[in-house]
Amino acid sequence: MTAVTITETGRGRRSDSFLSVQDLHVSFQTEDGVVKAVDGLSFEVEKGTTLGIVGESGSGKSVTNLTILGLHSSEQAEIRGEIWFEDQELVGASRGTLERLRGNRIAMIFQDPLTALSPFHTVGRQIGEVYRKHKGASKREARDRAVEMLERVGIPNARVRVDDYPHHFSGGMRQRVMIAMALVCDPALVIADEPTTALDVTVQAQILDLLKDLQDQMGTSIILITHDLGVVAQAAHNVLVMYAGRAAERGTVREVLGTPRHPYTWGLLSSAPRLGSSVDVPLKPVRGTPPSLLTPPPGCRFHPRCDYRNQVGPDLCSTELPELSPERGHGDACYLTLTQKQEIFTQLMEGR
Amino acid sequence: MLRFLTRRGLSAAFILLIVSAVTFFLFFAVPGDPARLACGKVCPPETLVQARHNLGLDQPIFVQFVEWVSGIFVGREYEGLGHCPAPCLGYSFVNQEPVFGTIVDRLPVTLSLTVGAAVVFLLFGVGTGIIAALNQGKPLDKIASVSSLIGASVQIYFIGTLAMYFLVFQWQVIERPRYVPLTEDPIGWAYGLLLPWIVLAIIFTANYTRMTRSTMVEQLSEDYVRTARAKGMSARTVVLRFALRGTLTPIATIFGIDLASLIGGAIITETTFSLQGIGRLSIQSVNNDDLPMLMATVLLAAAAIVVFNVIVDALYAVIDPRVRLS
Ligand SMILES: Nc1ncnc2c1ncn2[C@@H]1O[C@H](COP(=O)(O)OP(=O)(O)O)[C@@H](O)[C@H]1O
Ligand code: SF4
Ligand SMILES: [Mg+2]
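Quick mapping for you: the protein sequence lines, in order, are chains A and B.
Every number in the numbering used here is 55 more than the matching position in the first sequence, counting from 1.
Every number in the numbering used here is 22 more than the matching position in the second sequence, counting from 1.
These are calculated hints, taken from the structure and not from any lab test.
A portion of the hints provided could be inaccurate.
[Said to hold, decoys possible] Residues from chain A shown here face chain B by an in silico Cβ test under 7 Å; the list is partial: (1) 124; (2) 126; (3) 129; (4) 131; (5) 154; (6) 158; (7) 170; (8) 171; (9) 172; (10) 185; (11) 188; (12) 220; (13) 222.
The C-beta atom is built at its ideal place from N, Cα and C for all residues, glycine as well.
Kindly produce the complete structure, drawing on both the sequences and the hints.
What follows is the structure, given as structure tokens:
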């Protein structure tokens with residue numbers, strides 16, 4: 056029995072985006088039952104842009120992005136849906152195909168560079184081996200390339216530092232090493248999973264700037280996962296707000312942070328800084344607790360915590376699952392009318 | 023690294039000095055007179071005094087110890103017995119020759135037995151541990167854990183004796199273990215020691231299987247292993263170059279302990295398989311009242327343990343660069 060199944064109704068790749076995730080479901084078999092970590096998620100990333108994915112911890116951000124790279128073990132995870140990347144479908148892709156993509160066309164930056172880098176190998180080797188694997192470079196070439204990448208991410212004295220081990224670097228420098236490693240093969244897509252969460256504030260800003268610079272130089276697309284709206288405001292073009300494994304809202308940064316439409320996004324924003332202000336204000340948790348992913352609430356996943364479900368009409372919120380609409384542009388998954396959303400949000404802003 | 027080794031080497035030398043002093047004084051306290059042995063069956067009192075003098079036994083014990091230690095480095099002269107060239111560990115009155123020669127004869131047997139077995143169970147244990155970790159919860163994993171449980175619960179004098187009785191004497195599927203020098207005939211060497219190696223491997227492998235499995239399972243869920251996969255490294259590379267590296271430190275630890283206990287337990291192993299190594303030598307010297315010989319074997323075992331410790335410490339630094347800092 057294979058745990059990975061592919062939906063038969065392949066819609067094929069959308070022409071205008073180079074990464075397209077369609078109706079993705081990821082569930083894990085655990086002792087307590089089936090955890091539905093991602094539950095019908097669709098989103099797209101356009102070439103050369105940054106998509107920020109925000110949501111409380113446990114909303115399925117990491118699981119989604121590990122799925123893109125095929126990093127879940129097929130014994131634990133059941134995956135349905137489609138992921139299209141540069142004319143390839145990744146959910147059903149072979150291990151070999153995925154191995155050739157990883158680190159080469161799609162690279163990943165993890166949250167904690169101290170644990171994410173091998174303590175046993177020099178940074179030069181760790182960067183170089185990606186280059187050797189994918190580009191067939193010699194040891195010499197890989198080393199030169201590693202030095203070049205370290206210089207590029209702003210590590211002073213790269214020619215010497217290339218032989219150092221990760222524990223010889225400070226947190227910020229380590230994350231630069233991680234970025235150098237991710238970019239060594241000029242990937243088309245970089246997935247950065249909370250790349251600045253483990254770093255202190257000034258370093259956070261530097262790392263985000265660095266990512267932006269590199270994107271400008273190389274035209275890389277970025278998925279930037281964070282639970283910090285400040286980071287999104289500073290570094291992303293588009294935003295996807297995730298709640299309980301689903302999309303709550305999607306749009307450009309200006310749309311989602313300026314005129315948010317989903318009650319969950321309001322909750323996230325209520326304590327967050329205004330668009331463009333400093334990045335260090337943490338999110339005030341939204342009232343109530345995140346839902347169980349073992350037995351997710353029926354209807355709108357957010358309804359047990361939502362203050363506005365009475366305005367929608369009897370029982371709709373607790374029975375019918377809202378879909379993201381409209382299909383393109385600024386969309387949200389909430390039954391409130393557009394006018395209601397605008398009025399409520401205006402009132403909220405005035406009340407602050 | 024060099025500084026590290028020098029420091030460890032010096033402290034090892036110091037420990038050895040202490041151990042030899044303690045051994046020396048302990049043996050001095052043991053009843054029995056080496057001079058009487060040296061002097062022979064019919065021993066007139068004058069000759070006994072002479073013998074004592076020749077052996078330096080009429081000196082204060084401290085002087086004797088210093089002479090003994092300096093003998094190791096520069097050799098020493100036993101009046102009436104002859105020259106004992108460096109390294110002189112003492113003079114055996116039973117064999118009528120310096121102790122060192124006998125030790126040199128016997129040591130390769132013990133080393134071949136223990137180091138050979140150690141290599142076998144290290145490779146085998148780590149190998150099965152990796153397989154078990156990669157097949158968590160599946161039949162292979164269960165087989166590995168059950169067989170390692172059985173292996174861990176048997177003792178050398180039990181299964182070694184059984185193996186000797188059935189395999190060698192009853193069914194004659196394998197020859198009686200014997201020692202052929204490696205330099206003379208490598209195949210004969212391996213074949214002669216095959217049975218003890220296998221028996222020791224059965225007993226010791228279990229530790230490595232369990233240790234490797236549990237550490238490997240942890241390592242496989244480490245972030246840096248995930249990073250290795252995320253950058254496109256093949257499954258083989260991920261396991262062998264990344265995850266395995268993290269399991270080597272605890273393995274080196276138990277390997278050091280096991281090597282030491284194998285050397286310390288050489289008496290039992292060599293008796294079981296009737297091999298003439300250092301272990302047997304120490305029993306024979308007890309039976310013969312051959313104190314200098316016995317003392318040399320005791321010291322040798324202590325030295326082996328100290329040396330293995332230094333090697334293991336050096337290995338830590340080779341395995342994990344973070345250790346090199348301190
Ligand atoms: N391998 C796994 N097995 C079981 N549950 C998992 C596994 N990986 C993630 N989950 C669960 O999936 C949910 C989403 O996790 P994650 O994507 O890491 O959230 P986040 O949005 O904070 O990145 C969490 O409830 C987590 O416990
Ligand atoms: S659909 Fe209903 S419950 Fe869900 S966010 Fe909108 S108003 Fe609240
Ligand atoms: Mg996460």
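Notebook entry, point to check: Are residue 222(A) and chain B close enough, Cβ to Cβ, to be under 7 Å, as the hint says?
Noted result: 5 Å, holds
Item checked: Minimum beta-carbon distance criterion (7 Å), residue 220(A) to chain B -> 5 Å, holds
Margin query: Is the interface hint satisfied for residue 129(A)? The criterion is a beta-carbon contact with chain B at less than 7 Å.
Written below: Not OK, violated: residue 129(A) not within 7 Å of chain B, min 12 Å.
Next item on the list: Could you check if residue 158(A) really has its C-beta closer than 7 Å to a C-beta on chain B?
Entry: Interface hint status for residue 158(A): holds (3 Å vs cutoff 7 Å).
Notebook entry, point to check: Taking the closest Cβ pair, is residue 154(A) under 7 Å from chain B?
Noted result: Hint on residue 154(A): holds, closest Cβ of chain B at ~5 Å, below 7 Å.
Next item on the list: With a cut-off of 7 Å on the beta carbons, see whether residue 172(A) makes it to chain B.
Entry: For residue 172(A), the interface hint holds, since the closest Cβ of chain B sits about 6 Å away, which is under 7 Å.
Checklist line | Hint check, residue 185(A) versus chain B [nearest Cβ-Cβ separation less than 7 Å] | finding: 5 Å, holds
Checklist line | Per-residue hint verdict: residue 170(A), partner chain B, C-beta under 7 Å | finding: 4 Å, holds
Next item on the list: Against chain B, run the beta carbon of residue 131(A) and see if the smallest gap drops under 7 Å.
Entry: At 11 Å from the nearest chain B Cβ, residue 131(A) fails the 7 Å test, so the hint is violated.
Note to self: Quick check on residue 171(A) please, does its C-beta sit within 7 Å of some C-beta on chain B?
What the structure shows: 4 Å, holds
Item checked: residue 188(A) as chain B interface residue, shortest Cβ-Cβ below 7 Å -> Cβ of residue 188(A) sits 6 Å from chain B, so the hint holds.
Checklist line | Interface restraint verdict for residue 126(A) against chain B (beta-carbon cut-off 7 Å) | finding: 6 Å, holds
Hint compliance for this structure: hints 3 and 4 are not met, and every other hint is.
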